[in-house]
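Chemist: Next come the chains, spelled out residue by residue.
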Amino acid sequence: MTPKLEVIDLRKVFTTRRRTTEALGTVSFRVEAGEFVCVLGPSGCGKSTLLNIIAGLERPTHGEVRMDGVPVLAPGRDRVLIFQEAALFPWLNVRSNVAFGLRQQPLSSRERKRLVEQYLQLVGLRGFERVYIHEISGGMKQRVALARALALKPQVLLMDEPFAALDAQSRDTLHTELQGIWAQTGTTVLFVTHNVREALVLGTRVLLMSARPGRIKHEYPVRIPRPRQIEDYALVDAAQEVLADLREEVLRAEEEAGHEWLAR
Amino acid sequence: MSGWRARVLFFIALLATWQALYSLHLWPQYLFPSSWSVATSLGLGFADGSFPLAILVSLRRILIGYLISLAVGVPLGLLIGRVKLLQETVGTVILGLQALPSICWLPLAILWFGLSERAILFVVIMGAVLSICLSSVDGVRNTPPLYLRAARTMGAEGWALYWRVILPAALPAILTGMKLGWSFAWRSLMAGELLYVSLGLGQLLTLGRELNDMSRVMAVMLVIVILGLTVDRLLFAPAERLVRERWGLNPAS
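Residue numbers (numbering that gives the first Met the number 0), protein chains in the order written: chain A, 0 to 263; chain B, 0 to 252.
Same shape as in the complex, but just chain A:
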């Protein structure tokens, strides 16, 4: 059976006039339908690049991405990406932001309105339809971004450290809610983070990436029962092992950066 999402020998090299940087070094993995896969790695390991390529916003230097066996060549509604900054449009209110992608589709305005309300309900923001983006908090912004993405019913939801800029409380709340939403919608999620516990709270599987050039170093299935919370004992235990592994990569990344700095 073909997997939902397949990443095959993906490599990305950035070339500037001065030098070439290998951001992503031959990454391969598969994501089955309905999975929640977290990609964990030190900063600068190319995990955002990986998501951008899967989203179709960047082209790989080598290798390919397949959705249901079909190669990905351009951005598409089947793979919606959520960013660290909510990337909502400030000139639109909450409702119109959620409706943004739906307007690209041939829907009646009633159907569109119904979908917007349904997904605002899902993220707990009914009643905020007419509010503008500058009036809501960071956590609420990410909920709107989540509703905006989910309303398009993507085959895979791509999330690029979406909670990294939030305060701890909002983050914890959103972790719980995202687990619920995932269970409710059955959407396949690929979630990138540099936070070990976040990866373990959310993922059914955690892929650990090495320092740049990023490769998949280890894979950890997470069997802790849901709903999980960041301070669960089982989770804290599991985190120890992964953390040791990640720390090694962070040190390597720093060492690398040091060498690079010296080489300049």
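Bear in mind the hints are in silico, worked out from the structure with no lab data behind them. Small disclaimer: the values here were computed from a predicted structure and weren't measured. Everything hinted at is true.
Cβ-to-Cβ under 10 Å is the rule here; a few derived chain A residues that face chain B:
1. Arg78
2. Pro89
3. Gln104
4. Ala148
5. Leu151
If you want the footprint, here are the derived chain B segments under chain A, 3+ residues with CB under 8 Å:
6. 141–148
7. 153–159
8. 164–175
9. 242–249
Positions of the beta carbon are idealized from the N, C-alpha and C atoms, including for glycine.
Place chain B on chain A using the hints.
Modeler: What follows is chain B alone, placed relative to chain A:
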């Protein structure tokens, strides 16, 4: 409220200083009129209908010239901002021409259009259109890449991307350009009317100089200042405030 009171006090002090300087008779009266005689000139100008007529003529000119500048400048800027080839060709020319004070177009305009209304409109347009165009270019080019990526991941491409993301994202910059364009248009118009006499507020200034009527000159200057301020306060300031707030460009909010 205290800011408002401070402002009133300041203007009273300003008037008092003026009057004090005047009563010292440092300069002849025809060079430095009293505030009272300026006020009288102002009243007379409105009573004999010469000021309202000049205001109407000047406003009509600037309105037509400004609207044409908007109609040309904004679309041109939006186009140049998106097409690299245009940016490197037309964009460079516009950038260069902006160094030219618009009144320098007057000799050319008079040769092309004769001593007609069109010549002065041309000068007004050359004053406003370039800055409007360049601000629109900036607005388009400075669209946050994140907005574009977010829109593209939701399936927006081509025209939809342009209309629904780039244009609204550029709006604050376009508005700044519109405001700048208005003040440039206003300056160009006054310069044009001063040099090329045929009605309008600028002509009143020239006329005042020729009649050695300094209080009339100052009264006209006052009218010009008040008109400029009024448009800014009533039109541009509220629009700008709304956009800045909504777009989240105010550091406080």
